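Chains A and B are the protein sequences, given in the same order.
In terms of this note's numbering, the first sequence opens at residue 11 and continues consecutively.
In terms of this note's numbering, the second sequence opens at residue 11 and continues consecutively.
One should not assume that every hint holds.
Since the list gives no way to pick out one identical chain from another, each pair is judged satisfied if it fits inside one copy or across any two copies.
Derived DSSO-like pairs (lysine-lysine); straight-line CA-CA distance at most 30 Å [to be verified]: (1) K169 - K362; (2) K358 - K28; (3) K28 - K136; (4) K129 - K394; (5) K291 - K124; (6) K154 - K362; (7) K228 - K172; (8) K283 - K67; (9) K55 - K228; (10) K124 - K65; (11) K232 - K82; (12) K358 - K117; (13) K207 - K28; (14) K187 - K129; (15) K82 - K117; (16) K15 - K207; (17) K172 - K207; (18) K93 - K228; (19) K283 - K30.
Treat the hints as calculated values from the structure; they're not laboratory data.
In this text, all values refer to a predicted model and were calculated from it rather than measured experimentally.
Number of protein chains: 2
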Amino acid sequence: MDLEKTIEELTNLISNRKIKDLREFLENINSADFPSILENVDEDKIIMIYRLLSKGKAAEVFVELDPEDQEKLINCLTDTEIKNVMNEIYMDDAVDLIEEMPSNVVKRILTNTKSENRKIINELLKYTDDTAGSLMTTEFIDLKENMTVETAFEFIRRKALKKETVYNCYVLSIDRKLLGIVDIKDLLAAERNQLIKDIMDSNVVKVNTLEDQEEVTKMFDKYDCVALPVVDQEDRLVGIITIDDAIDVIQEETLEDFEKMAAITPAEDTYFKTSVFKHAKNRIVWLLVLMLSAMLTGAVIENYEAAISTLPLLVAFIPMIMDTGGNCGSQSSTLVIRGLAMDEISTKDILKVMWKEFRVSLLVGTVLAFANGVRIMIQYQDLKIAVVVGLTLVCTVAMAKLLGCILPILAKKLKLDPAIMAAPLITTIVDTLSVLAFFNIATIMFQL
Amino acid sequence: MDLEKTIEELTNLISNRKIKDLREFLENINSADFPSILENVDEDKIIMIYRLLSKGKAAEVFVELDPEDQEKLINCLTDTEIKNVMNEIYMDDAVDLIEEMPSNVVKRILTNTKSENRKIINELLKYTDDTAGSLMTTEFIDLKENMTVETAFEFIRRKALKKETVYNCYVLSIDRKLLGIVDIKDLLAAERNQLIKDIMDSNVVKVNTLEDQEEVTKMFDKYDCVALPVVDQEDRLVGIITIDDAIDVIQEETLEDFEKMAAITPAEDTYFKTSVFKHAKNRIVWLLVLMLSAMLTGAVIENYEAAISTLPLLVAFIPMIMDTGGNCGSQSSTLVIRGLAMDEISTKDILKVMWKEFRVSLLVGTVLAFANGVRIMIQYQDLKIAVVVGLTLVCTVAMAKLLGCILPILAKKLKLDPAIMAAPLITTIVDTLSVLAFFNIATIMFQL
Numbered sequence: 011m012d013l014e015k016t017i018e019e020l021t022n023l024i025s026n027r028k029i030k031d032l033r034e035f036l037e038n039i040n041s042a043d044f045p046s047i048l049e050n051v052d053e054d055k056i057i058m059i060y061r062l063l064s065k066g067k068a069a070e071v072f073v074e075l076d077p078e079d080q081e082k083l084i085n086c087l088t089d090t091e092i093k094n095v096m097n098e099i100y101m102d103d104a105v106d107l108i109e110e111m112p113s114n115v116v117k118r119i120l121t122n123t124k125s126e127n128r129k130i131i132n133e134l135l136k137y138t139d140d141t142a143g144s145l146m147t148t149e150f151i152d153l154k155e156n157m158t159v160e161t162a163f164e165f166i167r168r169k170a171l172k173k174e175t176v177y178n179c180y181v182l183s184i185d186r187k188l189l190g191i192v193d194i195k196d197l198l199a200a201e202r203n204q205l206i207k208d209i210m211d212s213n214v215v216k217v218n219t220l221e222d223q224e225e226v227t228k229m230f231d232k233y234d235c236v237a238l239p240v241v242d243q244e245d246r247l248v249g250i251i252t253i254d255d256a257i258d259v260i261q262e263e264t265l266e267d268f269e270k271m272a273a274i275t276p277a278e279d280t281y282f283k284t285s286v287f288k289h290a291k292n293r294i295v296w297l298l299v300l301m302l303s304a305m306l307t308g309a310v311i312e313n314y315e316a317a318i319s320t321l322p323l324l325v326a327f328i329p330m331i332m333d334t335g336g337n338c339g340s341q342s343s344t345l346v347i348r349g350l351a352m353d354e355i356s357t358k359d360i361l362k363v364m365w366k367e368f369r370v371s372l373l374v375g376t377v378l379a380f381a382n383g384v385r386i387m388i389q390y391q392d393l394k395i396a397v398v399v400g401l402t403l404v405c406t407v408a409m410a411k412l413l414g415c416i417l418p419i420l421a422k423k424l425k426l427d428p429a430i431m432a433a434p435l436i437t438t439i440v441d442t443l444s445v446l447a448f449f450n451i452a453t454i455m456f457q458l
Numbered sequence: 011m012d013l014e015k016t017i018e019e020l021t022n023l024i025s026n027r028k029i030k031d032l033r034e035f036l037e038n039i040n041s042a043d044f045p046s047i048l049e050n051v052d053e054d055k056i057i058m059i060y061r062l063l064s065k066g067k068a069a070e071v072f073v074e075l076d077p078e079d080q081e082k083l084i085n086c087l088t089d090t091e092i093k094n095v096m097n098e099i100y101m102d103d104a105v106d107l108i109e110e111m112p113s114n115v116v117k118r119i120l121t122n123t124k125s126e127n128r129k130i131i132n133e134l135l136k137y138t139d140d141t142a143g144s145l146m147t148t149e150f151i152d153l154k155e156n157m158t159v160e161t162a163f164e165f166i167r168r169k170a171l172k173k174e175t176v177y178n179c180y181v182l183s184i185d186r187k188l189l190g191i192v193d194i195k196d197l198l199a200a201e202r203n204q205l206i207k208d209i210m211d212s213n214v215v216k217v218n219t220l221e222d223q224e225e226v227t228k229m230f231d232k233y234d235c236v237a238l239p240v241v242d243q244e245d246r247l248v249g250i251i252t253i254d255d256a257i258d259v260i261q262e263e264t265l266e267d268f269e270k271m272a273a274i275t276p277a278e279d280t281y282f283k284t285s286v287f288k289h290a291k292n293r294i295v296w297l298l299v300l301m302l303s304a305m306l307t308g309a310v311i312e313n314y315e316a317a318i319s320t321l322p323l324l325v326a327f328i329p330m331i332m333d334t335g336g337n338c339g340s341q342s343s344t345l346v347i348r349g350l351a352m353d354e355i356s357t358k359d360i361l362k363v364m365w366k367e368f369r370v371s372l373l374v375g376t377v378l379a380f381a382n383g384v385r386i387m388i389q390y391q392d393l394k395i396a397v398v399v400g401l402t403l404v405c406t407v408a409m410a411k412l413l414g415c416i417l418p419i420l421a422k423k424l425k426l427d428p429a430i431m432a433a434p435l436i437t438t439i440v441d442t443l444s445v446l447a448f449f450n451i452a453t454i455m456f457q458l
């Protein structure tokens, strides 16, 4: 879609009051494109545009808006209009909406929701955030095993438009236990008089309502499905999670990992929506912790004041050693943290990872030491300094790479989030150790 | 699936030679679970197990294996067996397979592929990596606009099992231009005598074969679709991308971003599959670059040797100032890099972002300076040092946060990958500037 052209045409149609054309034009715009369009339209036109949409489209567009705009819109809508939206949207979207709105708006929404739906919404609201239960919707196609394909088609035809997905249909027993899944593809390919139980796949991949949402995304990734059935503690089917919601979780969890690994408390909103004060709050805790630990390195240096007065040149190498250690550590920790997150590395692999990182560190450390040695010989013609710095680099790289792999795995073993053992913390720890190594090696070599 | 139990039962069935039970047991295991099962089975049993699978299942399992195991398996299979696999797998998987295999295996695969498929494979191989064309498959359901719903059903019934997805069907003109999409849900809900053109959605979201794969994933995310049609330069439909492949791309690109932001050249393989030498190679380039730039900070310190001899205590604050600057910079750059990647921040927003980061930095800097001041007053009772360090911290945080947002946006403007302006590089630059600020402020305050 060409945003500028669309808005131009829209503005034209509005100012010329061509309502019929306008209605048709709006109906042809993809719902997902509405937020960026409405952002570029005068506020007083928004409600007018919204009222021209068909019932189904209006609900679709409503779901795409962000909470702020949803709230503004609700405040302009009549009770009947709210009723229409609440009748059309899927239960998982209704729950998301209610979780985001202030209580007075929630009250208005709920009084305009059918009592059966209100009951479902209340049930869904009980699931804690980040669980499969909180992601699921209750609208799915449920078949019986003794239906024929023909009957199933008739059943689906009547229900299809009210359900979030028909791609997979679920075969339930009388007590709502999940017996099997029928992919619509197999239903289409089957003979009309075949029984559902003969074409269903009874080997079902499913999750429990309490399962962590990260596990849910891994199952989507592994099993290449478009929807995942969710069962309760008694193994009864209570809902399904559709793949679009799984993708949103993947994006959300990735951003959270990035933030944690950069020593930021994950924010709930986007960059611009988060206030300056909130940004500062999300960043200050880790900065204070890391600043205090960095003072340790300072204390180590203070300890070697005598050595520094004798050989002030030593100080000039501290930044390079600290930075290299930090970078090496963050390389290893990033790879290990991602490996753990993607289940490519498990905590059992700790020795295997350490052995790999150790060999990598020897290779990398040697190259860095050599490059530095050449530089020092050219600049200072001092072999002893070159040797001291070189040895320190090899030690630093080895320590950094080992800590970079051990700490995240250890965190995982202790049921902590490995992402906290990322670059910032590793860097601070390696700094102290590398400065300590540097002065110790220097003291011995120069007999300071 | 309980892996241990499955393997135990499998081993039992094999040793008791219950071939019929074994066949049924295998057929009920999800194809995606086979790689982890086969990993735990003796090598000589693998080919036996594989030969017990039905044709369709065998192809499904084959696709799930990683390239190494696929190669081993192919070397054990007869030409007829390879033919079966190549007849059953989807074209995008066939292309992936051929790209991964060594040339002698490729030759064997292609001689056992139907000539029509060989032609398609060769066409698909021409698309450069990371484009929509390289992700697509050519198996989709194409309908004509004058078909009735009834005819369409008949058509789909005959083709369904051979197509990767039937969830969306594509309506083509005679010259294969894409006229519209029919979601299977709408097809199911329609009356049997309706015409396809009356139920199709002619407002189609599609991509060009040359589109970057990252854009493709963004479209899946935005439009919540399960497949995306791919058209060539003449707007003819040439293939579709299914959502499972889009998710793989999302995972792959995320890992790449993590690696780049930790100063690692992205690897093609998983952590364990990458050799020690390759790991070292992927990490050394940036380490060398960053080490050389860190020397600048050393040079700055060298310049102030006189100041250090007069007041050696100054050195003890260097690590804390460097680390804090690095951490502040990496917080900002991470948020901005992610914001750019998710299209939440655009390069036009540079002033808005700078203003936000500047205000955040004042808040954060003041808190850090104050905390440090208290510490210094307790430890050294030296107000002057407290003021020098405090001022330096405020300057450092401001510089770090501004550089952390400016450099990634600038990189994007210059069509470079913003991810290279991540923590490691920002840290090195901020180090030099902060040390410079520190000694300048100290020189003025102490008249050194």
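Tested hints:
no.: 1; hint: K169 - K362; verdict: neither (54 Å within a copy, 49 Å between copies)
no.: 2; hint: K358 - K28; verdict: neither (68 Å within a copy, 34 Å between copies)
no.: 3; hint: K28 - K136; verdict: neither (47 Å within a copy, 48 Å between copies)
no.: 4; hint: K129 - K394; verdict: neither (78 Å within a copy, 66 Å between copies)
no.: 5; hint: K291 - K124; verdict: neither (41 Å within a copy, 63 Å between copies)
no.: 6; hint: K154 - K362; verdict: neither (50 Å within a copy, 57 Å between copies)
no.: 7; hint: K228 - K172; verdict: both (28 Å within a copy, 27 Å between copies)
no.: 8; hint: K283 - K67; verdict: within (27 Å within a copy, 49 Å between copies)
no.: 9; hint: K55 - K228; verdict: between (43 Å within a copy, 29 Å between copies)
no.: 10; hint: K124 - K65; verdict: within (16 Å within a copy, 50 Å between copies)
no.: 11; hint: K232 - K82; verdict: between (40 Å within a copy, 22 Å between copies)
no.: 12; hint: K358 - K117; verdict: neither (51 Å within a copy, 40 Å between copies)
no.: 13; hint: K207 - K28; verdict: between (54 Å within a copy, 26 Å between copies)
no.: 14; hint: K187 - K129; verdict: within (21 Å within a copy, 47 Å between copies)
no.: 15; hint: K82 - K117; verdict: within (15 Å within a copy, 63 Å between copies)
no.: 16; hint: K15 - K207; verdict: between (52 Å within a copy, 26 Å between copies)
no.: 17; hint: K172 - K207; verdict: both (24 Å within a copy, 22 Å between copies)
no.: 18; hint: K93 - K228; verdict: neither (37 Å within a copy, 32 Å between copies)
no.: 19; hint: K283 - K30; verdict: neither (37 Å within a copy, 61 Å between copies)
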